[in-house]
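2 protein chains.
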Amino acid sequence: MWNETIDAHRRSVREAILDSAWTLATEHGVLSVTMTQVAERAGIGRATLYKYFPDVEAILAAQHQRHVDSHLARLIEIRDQHTKADQRLRSAVEHYANICHHRAQHGTEELAALLHRGHQVDHAQQHLATLFEELIADAAAAGHLRNDVAPAELTTYCLHALGAAGNLRAQAAVKRLVAVTLDGLGFSPSSAH
Amino acid sequence: MWNETIDAHRRSVREAILDSAWTLATEHGVLSVTMTQVAERAGIGRATLYKYFPDVEAILAAQHQRHVDSHLARLIEIRDQHTKADQRLRSAVEHYANICHHRAQHGTEELAALLHRGHQVDHAQQHLATLFEELIADAAAAGHLRNDVAPAELTTYCLHALGAAGNLRAQAAVKRLVAVTLDGLGFSPSSAH
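Chains S and F, in that order, are what the protein sequence lines are. Numbering-wise, the first sequence is residues 1 to 193 according to full-length UniProt numbering. Numbering-wise, the second sequence is residues 1 to 193 according to full-length UniProt numbering.
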């Protein structure tokens, strides 16, 4: 009982730290966030903060990881709602375009780039690429995609192209981006719809 | 004569500052660069450095601007080597893919993202988008591209998709990416080649 209470407490402090650092980064820019500001905003002492994280970059990396993990979980759910390779790929592509569309408003993309620059290994981002590569390889094997370019390269293309959704305002534009990107993949679904 | 000498001196100090900050950012990560380190590496005093730039972010922004300006100048040269809309677009797309391929090794992309996060206005990047949008609009008007998506949206797609070149190792893969991206644009050149 007691251990559970401590665990719950630690989790909630951790959440508060991640949320605080993220809010500060969004409001004032990543470069300006300090450990003192994070502690203050999270309502804890600096000494406590250092028991959780060594520096701002580690906090932002953890925050980013939390984001990507949740996106990944949702993508897996969506994939598993379909059984056909073409439907699976299309659903995942549409969902990822929407993620990119929304996250641009929260600056997650830029933060991800910064963390990569800082040589943080981003396992969840790698999982995302692996998930898409499997979907693309399956769709290619079922004859729904061009076969002159390997699935790994098509995956890199696809994820970058969908990233353009971050620069688009209208939801209709995101749908058009999905269509354009799928055309690049040579996507031909089995039943016209 | 005297003024020219002073100008030349100022330019060379400025270049040394930009190069030093960039090297430090590449070696140790953008977040760790300090004004003291930049001054030391550039071989000038801190007081002198502050006469040129107010902070590290301003130095990195100027360095980034220098990069993008040179890419832009080269793209305009390449465009002007051709007269037909389809050839112009194809050449520019190929060249930009190569820029993305090379700059990934230098971390420029990540820095650009960071600077955007910091709300730096990146005029040269905007010029790049404008240049591509003109090429795409011209090629579309000449019937070489799909006409169900506006040139502005196709430009956003195109620049993002080509950014995937940064994740590709082989030059042959970059060529395939160009082909895939052009297929997304519905590119059909006038003379088959």
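There could be a bad hint or two in this list.
Copies of the same chain look alike in the list, so a pair counts if it works inside one copy or between any two.
To be verified - Here are the simulated DMTMM-like pairs of lysine to aspartate or glutamate, each with C-alpha atoms no more than 25 Å apart in a straight line:
(1) Lys175 / Asp138
(2) Lys175 / Glu134
(3) Lys175 / Glu27
(4) Lys175 / Glu4
(5) Lys175 / Asp19
(6) Lys51 / Glu40
(7) Lys175 / Asp55
(8) Lys84 / Glu4
(9) Lys51 / Asp19
(10) Lys84 / Glu40
(11) Lys84 / Glu133
(12) Lys175 / Glu133
(13) Lys51 / Asp148
(14) Lys51 / Asp138
(15) Lys84 / Asp55
To be clear, the hints were calculated from the coordinates, so they are not data collected in a lab.
A quick look at each hint next to the structure:
no. : hint            : result
1   : Lys175 / Asp138 : both (23 Å within a copy, 24 Å between copies)
2   : Lys175 / Glu134 : both (23 Å within a copy, 23 Å between copies)
3   : Lys175 / Glu27  : neither (30 Å within a copy, 40 Å between copies)
4   : Lys175 / Glu4   : neither (45 Å within a copy, 56 Å between copies)
5   : Lys175 / Asp19  : neither (31 Å within a copy, 42 Å between copies)
6   : Lys51 / Glu40   : within (15 Å within a copy, 34 Å between copies)
7   : Lys175 / Asp55  : neither (40 Å within a copy, 41 Å between copies)
8   : Lys84 / Glu4    : neither (43 Å within a copy, 70 Å between copies)
9   : Lys51 / Asp19   : within (17 Å within a copy, 37 Å between copies)
10  : Lys84 / Glu40   : neither (51 Å within a copy, 61 Å between copies)
11  : Lys84 / Glu133  : within (16 Å within a copy, 37 Å between copies)
12  : Lys175 / Glu133 : both (21 Å within a copy, 20 Å between copies)
13  : Lys51 / Asp148  : neither (52 Å within a copy, 56 Å between copies)
14  : Lys51 / Asp138  : neither (45 Å within a copy, 59 Å between copies)
15  : Lys84 / Asp55   : neither (45 Å within a copy, 54 Å between copies)
Hint compliance for this structure: hints 3, 4, 5, 7, 8, 10, 13, 14 and 15 are broken, all remaining hints hold.
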